[in-house]
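Line by line, the protein sequences give chains A and B. Residue numbering for the first sequence follows the working numbering, starting at 1 and increasing by one per position. Residue numbering for the second sequence follows the working numbering, starting at 1 and increasing by one per position.
Hints are computed from structural coordinates only; laboratory data are not their basis. Some hints here could point you the wrong way.
[Stated by the list, open to error] Straight-line Cα separation of at most 25 Å, DSS-like style, residue types lysine-lysine; simulated pairs:
#1 257(A) / 105(B)
#2 183(A) / 12(A)
#3 98(B) / 12(A)
#4 126(B) / 97(A)
#5 258(A) / 5(B)
#6 154(A) / 234(A)
#7 257(A) / 5(B)
#8 254(A) / 65(B)
#9 98(B) / 97(A)
#10 258(A) / 76(B)
#11 257(A) / 65(B)
#12 258(A) / 97(A)
#13 113(B) / 65(B)
#14 12(A) / 126(B)
#15 234(A) / 97(A)
#16 97(A) / 94(B)
#17 76(B) / 254(A)
#18 12(A) / 94(B)
#19 94(B) / 5(B)
#20 113(B) / 126(B)
#21 76(B) / 257(A)
[To be verified] Looking from chain B toward chain A, a few residues come up when the C-beta cut is under 8 Å (computed):
#22 53
#23 54
#24 56
#25 72
#26 76
#27 80
#28 84
#29 86
#30 88
#31 103
#32 104
#33 127
For glycine and all other residues, C-beta sits at the position ideal for the given N, C-alpha and C.
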Amino acid sequence: MTIVTHELRQGKAAFLIWTAAIGFLLAVCIFLFPEMKGEMEGVSDMFSSMGSFTAAFGMDKLNFGTLIGFYSVECGNVLGLGGAFFAALCAVNILSKEERCQTAEFLLTHPVSRVRIITEKLIAVLIQIIAMNLILYALSAASITAIGEDIPWKELNLLHLAYCTLQIELAAICFGISAFMRKGSVGAGLGLAAVMYFLNLIANITEAAEFLKYITPFGYCEGSDLITNGSLDKTMVAVGTAMGAIGVIAAYLKYAKKDIH
Amino acid sequence: MEAIKTSSLTKYYGTSRGIDALNLSVREGEFFGFIGPNGAGKSTTIRTLTGLISPTSGSAQIFGKDIRTERETILKNIGYLPSEAVFYPGMKVKDILKLSAHMRKINCSKRAKELCERLQLDSSRKVDQLSFGNRKKVAIVCALQSNPKLLILDEPTGGLDPLIQREFFEILREQNRKGATIFLSSHVLSEIQRNCSRAAIIREGRIIVCDQVDALSKTNARRVTLHGSVALQGLDGIRDKTDGNGFTSFLYSGDMNLLLQTLAAGHITDLSISEPDLEEIFLHYYEKDGDKA
Numbered sequence: 001m002t003i004v005t006h007e008l009r010q011g012k013a014a015f016l017i018w019t020a021a022i023g024f025l026l027a028v029c030i031f032l033f034p035e036m037k038g039e040m041e042g043v044s045d046m047f048s049s050m051g052s053f054t055a056a057f058g059m060d061k062l063n064f065g066t067l068i069g070f071y072s073v074e075c076g077n078v079l080g081l082g083g084a085f086f087a088a089l090c091a092v093n094i095l096s097k098e099e100r101c102q103t104a105e106f107l108l109t110h111p112v113s114r115v116r117i118i119t120e121k122l123i124a125v126l127i128q129i130i131a132m133n134l135i136l137y138a139l140s141a142a143s144i145t146a147i148g149e150d151i152p153w154k155e156l157n158l159l160h161l162a163y164c165t166l167q168i169e170l171a172a173i174c175f176g177i178s179a180f181m182r183k184g185s186v187g188a189g190l191g192l193a194a195v196m197y198f199l200n201l202i203a204n205i206t207e208a209a210e211f212l213k214y215i216t217p218f219g220y221c222e223g224s225d226l227i228t229n230g231s232l233d234k235t236m237v238a239v240g241t242a243m244g245a246i247g248v249i250a251a252y253l254k255y256a257k258k259d260i261h
Numbered sequence: 001m002e003a004i005k006t007s008s009l010t011k012y013y014g015t016s017r018g019i020d021a022l023n024l025s026v027r028e029g030e031f032f033g034f035i036g037p038n039g040a041g042k043s044t045t046i047r048t049l050t051g052l053i054s055p056t057s058g059s060a061q062i063f064g065k066d067i068r069t070e071r072e073t074i075l076k077n078i079g080y081l082p083s084e085a086v087f088y089p090g091m092k093v094k095d096i097l098k099l100s101a102h103m104r105k106i107n108c109s110k111r112a113k114e115l116c117e118r119l120q121l122d123s124s125r126k127v128d129q130l131s132f133g134n135r136k137k138v139a140i141v142c143a144l145q146s147n148p149k150l151l152i153l154d155e156p157t158g159g160l161d162p163l164i165q166r167e168f169f170e171i172l173r174e175q176n177r178k179g180a181t182i183f184l185s186s187h188v189l190s191e192i193q194r195n196c197s198r199a200a201i202i203r204e205g206r207i208i209v210c211d212q213v214d215a216l217s218k219t220n221a222r223r224v225t226l227h228g229s230v231a232l233q234g235l236d237g238i239r240d241k242t243d244g245n246g247f248t249s250f251l252y253s254g255d256m257n258l259l260l261q262t263l264a265a266g267h268i269t270d271l272s273i274s275e276p277d278l279e280e281i282f283l284h285y286y287e288k289d290g291d292k293a
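Please put together the full structure from these sequences, using the hints given.
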């Protein structure tokens with residue numbers, strides 16, 4: 001596990017910065033809830049009458065006056081976008097940086113098989129994503145307790161599980177991209193995360209584009225659907241898992257035989 | 001046993017030639033020189049041998065093991081020094097050395113410390129703060145600390161001051177005496193001439209000559225330097241001719257009797273005829289018609 005440890009050390013600063021930034025925004029959102037709760041009747045009416053914008057963020061199906069309704073929209077966006085950007089960035093860099101930073105010659109001339117290098121790097125990405133999600137989950141629970149609200153465990157677990165799955169799926173796709181790219185991988189990763197996010201907004205606005213929910217992992221993270229159904233959409237998760245698996249398999253097939261320049 | 005053996009090893013980058021049907025044989029325990037200018041295929045050969053790139057065709061074995069199928073086993077016995085030493089930012093020298101040792105699953109901290117002392121390398125410094133030469137020293141220690149059976153060195157002395165270069169070659173000679181094979185790729189021909197027993201010259205991706213360094217130098221060509229005036233027109237076999245302030249110098253590989261007759265007919269105040277150095281031999285091989293010494 002030498003490479004896992006090495007990658008975790010190398011990614012420590014980025015991990016701490018992203019976790020602190022997302023955690024801070026999550027906590028701020030939660031701490032805003034008691035103040036907004038009193039004014040929620042007006043706010044809910046306002047949010048439910050913004051046409052396509054309301055549907056885009058799923059606010060037509062959620063009661064914004066409840067903690068979980070507020071949490072799934074406000075914190076969901078922070079966790080969804082922030083987590084997706086971190087996961088994409090972390091994964092899309094992990095293989096490509098070796099060539100971009102010219103360290104591949106050092107790493108790949110040691111007696112370590114390429115398959116092991118790919119596996120250890122993938123494990124390092126997963127550890128970072130899971131660790132970040134555990135910290136954010138604990139921070140959310142602590143913040144909800146701090147504002148004196150009861151923790152809606154089932155819904156909270158479901159939301160965090162969905163966002164963690166989203167990040168792992170995006171990371172797996174970006175991991176595949178990372179194996180093919182030398183330069184410009186950061187832009188590709190962040191761009192992919194942003195495109196996936198906006199695909200979900202489009203899918204929410206018009207029924208004709210609803211099929212997009214099966215392409216973007218944000219589709220199965222919709223707070224309104226999760227809370228209403230009490231579970232993740234299995235078909236969407238299966239499609240996402242398949243896309244992630246293709247990313248990982250592509251990474252192994254490409255990087256195991258790639259010419260390193 | 002042969003430490004390195006390549007048979008018709010070919011690498012094309014798309015349509016560009018890297019190496020073309022390269023045949024090379026380096027015996028175990030040799031101090032072998034690999035000479036060629038930029039773009040001749042030296043680095044492509046090394047990158048293919050170390051598994052960084054896959055050959056387009058042909059084969060190569062290191063200690064009898066195929067580079068395509070037994071890469072990991074082969075790399076256990078190789079210490080590789082790249083021409084440009086680049087490491088992970090933010091890491092200290094000692095951490096880089098430890099990482100390298102851990103990836104080899106060995107503990108060689110004692111040897112690493114000894115090498116750092118001999119090369120005057122401060123292992124507590126961060127690699128980002130090091131000069132090009134000091135980063136090269138880190139790469140040297142990484143390559144040597146595991147006492148590998150084969151050392152592949154690509155332009156190893158770039159950035160090193162003369163004293164460290166001398167110490168570095170002393171370390172290499174010690175390793176060689178202990179049985180290590182050394183494959184030294186360089187365009188500093190004096191390094192090859194001083195240290196290597198055998199050398200190969202690569203041109204446009206092909207080995208054009210491979211022989212003992214002494215034999216390579218023992219060509220029938222001679223460096224002629226004369227002061228005075230002489231008519232050299234009509235004398236075949238003159239190359240690399242330079243005229244200076246009262247002197248003329250040229251490399252001569254023609255009939256020696258004709259040369260002496262021509263010189264005798266002129267007015268010469270001083271004359272020297274010597275064996276050319278390896279640099280001149282190298283240039284000779286790089287001339288279009290210089291396929292034969």
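Hints and how they fare:
For the proposed pair residue 257(A) and residue 105(B), the alpha carbon gap of about 24 Å is at most 25 Å, so the pair holds. Our distance criterion of 25 Å between C-alpha atoms is met by residue 183(A) and residue 12(A), whose separation comes to about 22 Å. The suggested pairing of residue 98(B) with residue 12(A) holds, with an alpha-carbon distance near 19 Å, which does not exceed 25 Å. Straight-line distance between C-alpha atoms of residue 126(B) and residue 97(A) comes to about 20 Å, which keeps the hinted pair within the 25 Å bound.
Between residue 258(A) and residue 5(B) the alpha-carbon distance is near 23 Å, which keeps this suggested pair within the 25 Å criterion. For the hint linking residue 154(A) to residue 234(A), the alpha-carbon distance of about 17 Å falls within 25 Å, and the restraint holds. Between residue 257(A) and residue 5(B) the alpha-carbon distance is near 22 Å, which keeps this suggested pair within the 25 Å criterion. Distance restraint check for residue 254(A) and residue 65(B): the Cα-Cα separation of roughly 24 Å lies within the 25 Å cut-off, and the hinted pair is therefore satisfied.
For the proposed pair residue 98(B) and residue 97(A), the alpha carbon gap of about 21 Å is at most 25 Å, so the pair holds. Simply put, residue 258(A) and residue 76(B) have alpha-carbon atoms about 21 Å apart, close enough for the 25 Å limit, and the pair holds. For a cut-off of 25 Å, the pair hint linking residue 257(A) to residue 65(B) stands: about 18 Å separates their Cα positions. Our distance criterion of 25 Å between C-alpha atoms is met by residue 258(A) and residue 97(A), whose separation comes to about 14 Å.
About 32 Å separates the Cα atoms of residue 113(B) and residue 65(B), which puts this hinted pair outside 25 Å; it is violated. Simply put, residue 12(A) and residue 126(B) have alpha-carbon atoms about 17 Å apart, close enough for the 25 Å limit, and the pair holds. Restraint check: the Cα-Cα separation between residue 234(A) and residue 97(A) comes to about 35 Å, which exceeds 25 Å; the hinted pair is violated. About 22 Å separates the Cα atoms of residue 97(A) and residue 94(B), which keeps this hinted pair within 25 Å; it holds.
Note on residue 76(B) and residue 254(A): the hinted pairing holds, with a Cα-Cα distance of about 24 Å set against a maximum of 25 Å. Simply put, residue 12(A) and residue 94(B) have alpha-carbon atoms about 19 Å apart, close enough for the 25 Å limit, and the pair holds. At most 25 Å may separate the alpha-carbon atoms for a hinted pair to count; residue 94(B) and residue 5(B) exceed this at roughly 35 Å. Restraint check: the Cα-Cα separation between residue 113(B) and residue 126(B) comes to about 16 Å, which is no more than 25 Å; the hinted pair holds.
Between residue 76(B) and residue 257(A) the CA atoms are separated by roughly 19 Å; this keeps the pair inside 25 Å, and the hint holds. Interface restraint check: residue 53(B) against chain A, minimum CB-CB distance 4 Å, threshold 8 Å, status holds. Restraint check, residue 54(B) versus chain A: the minimum CB separation of about 6 Å is within 8 Å; hint holds. For the restraint placing residue 56(B) at the interface with chain A, the shortest Cβ-Cβ distance is roughly 10 Å, beyond the 8 Å limit, so the hint is violated.
With a cut of 8 Å, the hint placing residue 72(B) at the interface with chain A holds, because the nearest CB-to-CB distance is about 5 Å. A cut of 8 Å between beta carbons decides the hint on residue 76(B): the least distance to chain A is about 4 Å, and the hint holds. For residue 80(B), the interface hint holds, since its Cβ comes within 8 Å of a Cβ in chain A; the closest pair sits about 4 Å apart. The interface hint given for residue 84(B) holds, since its Cβ lies 7 Å from the closest Cβ of chain A, which is under the 8 Å cut-off.
Interface hint status for residue 86(B): upheld, as the beta-carbon distance to the closest one in chain A is roughly 4 Å, under 8 Å. A cut of 8 Å between beta carbons decides the hint on residue 88(B): the least distance to chain A is about 6 Å, and the hint holds. For residue 103(B), the shortest C-beta to C-beta distance to chain A is roughly 4 Å, which falls under 8 Å, so the interface hint holds. Hint status for residue 104(B): holds, given a least beta-carbon distance of 6 Å to chain A, under 8 Å.
A cut of 8 Å between beta carbons decides the hint on residue 127(B): the least distance to chain A is about 11 Å, and the hint is violated.
In summary, the structure is inconsistent with hints 13, 15, 19, 24, 33 from the numbered list given earlier, while agreeing with the others.
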